[in-house]
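A.B. asks: Line order of the protein sequences matches chains A and B.
Just so you know, my numbering puts 29 at position 29 of the first sequence, and the rest follows in order with no gaps.
Just so you know, my numbering puts 128 at position 128 of the second sequence, and the rest follows in order with no gaps.
I should point out that these hints are in silico values taken from the structure, not numbers from a laboratory.
Listed next, the stretches of chain A that the computed footprint assigns to chain B, with coverage defined by at least 3 CB atoms under 8 Å from CB atoms of chain B: (1) 13-24; (2) 161-167.
Derived CB-CB ranges, DEER-like: (3) D49(A) to E51(B): 24 to 34 Å; (4) Y133(A) to R20(B): 27 to 37 Å; (5) R118(B) to R70(A): 41 to 51 Å; (6) A68(B) to A95(A): 53 to 63 Å; (7) R70(A) to R186(B): 31 to 41 Å; (8) R170(B) to R70(A): 33 to 43 Å; (9) D81(A) to E109(B): 57 to 67 Å; (10) R186(B) to D49(A): 19 to 29 Å; (11) A95(A) to R50(B): 54 to 64 Å; (12) D79(A) to S41(B): 46 to 56 Å.
In this text, all values refer to a predicted model and were calculated from it rather than measured experimentally.
Cβ coordinates follow ideal geometry from the N, Cα and C atoms, glycine included.
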Amino acid sequence: MGSIVLYMSMSLDGFIAGPGDTKDNPFGTGGHRLHKWLGPSGEGFRPSDKPSRTIFEEVMSTGAVITGRRTGDFVGYWDGDHHDGVPIFVPTHHAPEVTPPGDVRFVTDGIGTCAEQARTAAGDRDVLVHGAYTARECLRARVLDVMEIQLIPVLLGQGRLLFDGLGPDHIELALVRSLESPNALHLRYEVKYA
Amino acid sequence: MIRLYMAMSLDGFIAGPDDRPGQELGRDGARVMNWGNYRMSDGPDGQVFREAMATGAVISGRRTFELAGRWQGDHHDGVPIFVLTHHVDDGDVPPGSARFVTDVADCAELARAGAGDRDVMVHGAGAAQALLRGGVLDEMEIHLAPVLLGGGRRLFDALGPDHIELELIRRLEGRDATHLRYRVHRHPAQNEK
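Okay, chain A solo, but in the shape it has when bound:
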């Protein structure tokens, strides 16, 4: 069984997007800074340094994707294919009337069910989690196993926080790997639910 893994680029001050993130500007004002480690987008996002490439290849070898509705809507559900045609699971309260192309599955009976279905679909491979809100929902439901944080050496100053309103209970983590690259520190934490 694989793990459910959040991959997220975050500034040292905790932001994952600049202010005013919309469908037309999904990273928000200045938020592109956080994704520089992926390399120039014109070349189809290929990091040039070895540690970043390792992370990128891990993302691309996951066997299923869980994405939030907001993130999914922003990017048009990657036209139904995030990578290699793996199924995309979307936890939501209401499934849209028009289903996007490809293998996009809206799950309306809770994040737990969604996580279970994604795990099953991924088989031995990991499940990729996309989106801050969904990441927090996965944490609250105790189904997120690993967080791979790309810690970006910048203070963004404002924008959308990754960790916001999680509530008073501490969630212990264990740092299991850290890889340094010129544009990001890749920190892999296992989540240790009490």
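Fit chain B to the supplied structure of chain A, relying on the hints for placement.
C.D. replies: Below, chain B without anything else, positioned relative to chain A:
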């Protein structure tokens, strides 16, 4: 070198909710300081602690200073303590080597002079933010604790729209923290000053 030393959870908190005298790190906020249990070790935690204690002056925010009981006037080795504050009451003379300063640039200058050829240690979120905004913070040593605190006081809060570029210049894995040293790169507008 003016360098911030602060322990922070991965979700950005330096203290739990409701930090006040008697509960200086907030409710359950002492968790972020667990690495301090290893401060006397020969390992990275000990190294970082010894470096902090070898600084030649301290800059603190007023809130931190008061929460810490004004350190009875001596943070370590009697080095001068410069306390950034907006307001000083008549007749309020801080104890020992501490003094109040109301201007960020003056504070940095006084601390540099006071430290001589040693570094200056900065403590507290308020002081950190003021020095960052003033463009006078050189480095940050962040003790990143492997925990999500879920709430409390943030280290970086409402810094404003200008990005501040950093450069990771050292990473030490401690027992319960990753010690990350960043160089602060000046905003272009500040370079011109």
